[in-house]
Amino acid sequence: MTLTPDRRTVVTTLAALAAGLSARDTVNAQSSASPELILFNGKITTLDRGAPEATAAAIRDGRFVAVGSERDVMALAGPQTQRIDLRGRRVIPGLIDSHMHIIRGGLNYNMELRWDGVRSLAQAMRMLKEQVDRTPAPQWVRVVGGFTAHQFAEKRLPTLEEINAVAPDTPVFILHLYDRALLNGAALRA
Numbered sequence: 001m002t003l004t005p006d007r008r009t010v011v012t013t014l015a016a017l018a019a020g021l022s023a024r025d026t027v028n029a030q031s032s033a034s035p036e037l038i039l040f041n042g043k044i045t046t047l048d049r050g051a052p053e054a055t056a057a058a059i060r061d062g063r064f065v066a067v068g069s070e071r072d073v074m075a076l077a078g079p080q081t082q083r084i085d086l087r088g089r090r091v092i093p094g095l096i097d098s099h100m101h102i103i104r105g106g107l108n109y110n111m112e113l114r115w116d117g118v119r120s121l122a123q124a125m126r127m128l129k130e131q132v133d134r135t136p137a138p139q140w141v142r143v144v145g146g147f148t149a150h151q152f153a154e155k156r157l158p159t160l161e162e163i164n165a166v167a168p169d170t171p172v173f174i175l176h177l178y179d180r181a182l183l184n185g186a187a188l189r190a
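Those letters in the sequence shown? Residues 1 to 190, by the UniProt record's numbering.
Hints were generated in silico from the structure; no laboratory data involved. A hint or two may mislead.
Derived Cβ-Cβ restraints for the label pairs, each shown as a range [unchecked claim]:
no., residue 1, residue 2, range
1, ARG71, ALA33, 14 to 22 Å
2, GLY88, GLU130, 36 to 44 Å
3, GLY117, LEU160, 18 to 26 Å
4, LYS43, MET111, 27 to 35 Å
The beta carbon of each residue, even a glycine, is placed where N, CA and C say it ideally should be.
With these hints in hand, go ahead and build the complete structure from the sequences.
Structure (structure tokens):
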């Protein structure tokens, strides 16, 4: 079949259009498969004993899709991929824990005291006094954790008088078995 110049132009145009659309679909498919975000130049904790740290990670749809070297991960980038230079900073994976007190720990850890395993109430009160002495005003001292009166040689909890004696001006909160708390006089006045 012989094509006339008009038919040849139409067929060539349609072929070029089809090739262009095909290329566009390939680019769109690559873009949709490309990560939305790449973190690079960092220290990425992987929790994989075989490769505990990586320098780059790719994220798509809220999930890590690649973790490894910058060279390997950056090769996945598409034209719309956001890139963040971590400048050597640490990235840790999302920690999922349905009962975590990370904010409390981060804000107050150096002012918290634990009596787990302490064998006598006398020792616990010495520890409380030491913590009171190093806690800056107006911060509270918190005794937290799973201690019990039965672990102490005295087989009892401290009295309010004993707590007030070691902490007359510093608020003290003693959480016992996560179901009751003791507050000293300074805590009630705060």
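| request: Mind listing which of the numbered hints don't hold for this structure, in increasing order? | output: none
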